[in-house]
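If you're matching them up, the sequences are chains C and P in order. Take 1009 as the starting number for the first sequence in the numbering used here and just add one per residue. Take 638 as the starting number for the second sequence in the numbering used here and just add one per residue.
The reader is advised that the hints may include incorrect statements.
Which chain C residues face chain P? A few, computed with CB under 10 Å, are given here [claimed, not checked]:
1. K1036
2. Y1054
3. W1057
4. K1143
5. N1144
Just a few of them, taken from the derived set where beta-carbon distance is under 10 Å, the chain P residues facing chain C [as the list claims (entries may be wrong)]:
6. D646
7. T649
8. A652
9. R792
If you're looking for bench data, these hints aren't it; they were derived computationally from the structure. On a predicted model such as this, the values are computed, not experimentally measured, just so you know. Glycine residues also receive a C-beta, built at the ideal position from the N, C-alpha and C atoms.
Each chain, letter by letter, is given below.
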Amino acid sequence: MGHRDIPVLRTRRLELRGPKAEDYPNFKATFTSYRARFMGGPLNEYESWMLYAAEIGHWEIRGYGMWMIHDRETGDTLGMAGGWKPARWPEAELAWIIWPEVAGKGYALEATNAARTYFYEHGGWDGAVSYLDPKNLDSIRLAERLGARRDKDAATVDGHDVIYRHPSPADLDNTRLAHGIEMEIEHYADPAFKPKGYALD
Amino acid sequence: MIAPRLTTDRLTLRALGPQDAEAFAAFYADARSSFVGGPMNAEQSWRTLAGEIGHWTLNGFGRWAVTETGSDTCIGCVGLWAPLGWPEPEIGWDLFEGATGKGYATEAAEAARTYAYDTLGWDTAISLVANGNDASVRVATRLGCTPEGTFTHARLGTLTIYRHPKVGV
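For reference, chain C alone in the conformation it holds in the complex:
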């Protein structure tokens, strides 16, 4: 199996690229912190580095994986988003994490929406789930903003997660839902369009 060229995705504010060695320090800062409590953390330094290496190996094994999210203007890393299916995962997951210091700007929404669109249009995916910790209210809220709905019948990873099922490609094909997501992303990208009283986070 040859080396996979990880595709680059661009959105209005973001560029999603394969994880590189130089991007590791920000990953480590988050995954060794309390912020990672919903993702099996906090991790020690060895576990954190091995997880980062595994994120890269995941691309080689599955043909898809998690991108590093960069600010298009500055190049700074903001978090990760993409597809995730280690052994034992019942279905392919759409996953995201945003570094705590840049949360609340709609980056996870913009990046995960781009990843989902890519998997639907180029990866042959006909659906996706997100396995969320029921206490991770920010992520549950984001799943809902992406149009995902709780699926109580879906198989869980370990019995402690709740499953949100994403809308299918057809559900997002020029539908009100798809337009609503695009509009929310635009509002974040250009706050001048923000409706009065609109929840920012």
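Using the hints provided, position chain P relative to the given structure of chain C.
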């Protein structure tokens, strides 16, 4: 970065891939893996395999799947290893059930060391061996290594550092 293919008299060292998940799961399910971070379940061993592959991208080197030339079955994982926090780049060898006692670890580790010295330009290397892993001590000795203190790792405990002979020795 993808691992280049290396060959020895009896072995082919090739890049690890998805086809090796079962061999990893079997090895890491066994008590023998307690010297190298196991035992672990199939999910953890899958992540370990993914981490071995990602190591190549992060460091530009890593470990290979060891196969008997002519077969594609992974019988071990041998090569160059330096996750963040490692004392120095290491030459590591894990031989799976049924592949031990044939000199394969020594043969594969020699090929990895030659690659490290001749292709990567390393001028030294270490190997870390857990207490009680007598088979691994014998491999280190056959490779000309000498013990040189210890390294204590958060996950793996106290390991003896074996120093490899320098280039050309």
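How the hints compare with the structure:
{"no.": "1", "hint": "K1036", "in the structure": "holds, 8 Å"}
{"no.": "2", "hint": "Y1054", "in the structure": "holds, 6 Å"}
{"no.": "3", "hint": "W1057", "in the structure": "holds, 4 Å"}
{"no.": "4", "hint": "K1143", "in the structure": "violated, 22 Å"}
{"no.": "5", "hint": "N1144", "in the structure": "violated, 20 Å"}
{"no.": "6", "hint": "D646", "in the structure": "violated, 26 Å"}
{"no.": "7", "hint": "T649", "in the structure": "violated, 15 Å"}
{"no.": "8", "hint": "A652", "in the structure": "holds, 7 Å"}
{"no.": "9", "hint": "R792", "in the structure": "holds, 6 Å"}
Checked against the numbered hints above, the structure breaks hints 4, 5, 6 and 7 and satisfies the rest.
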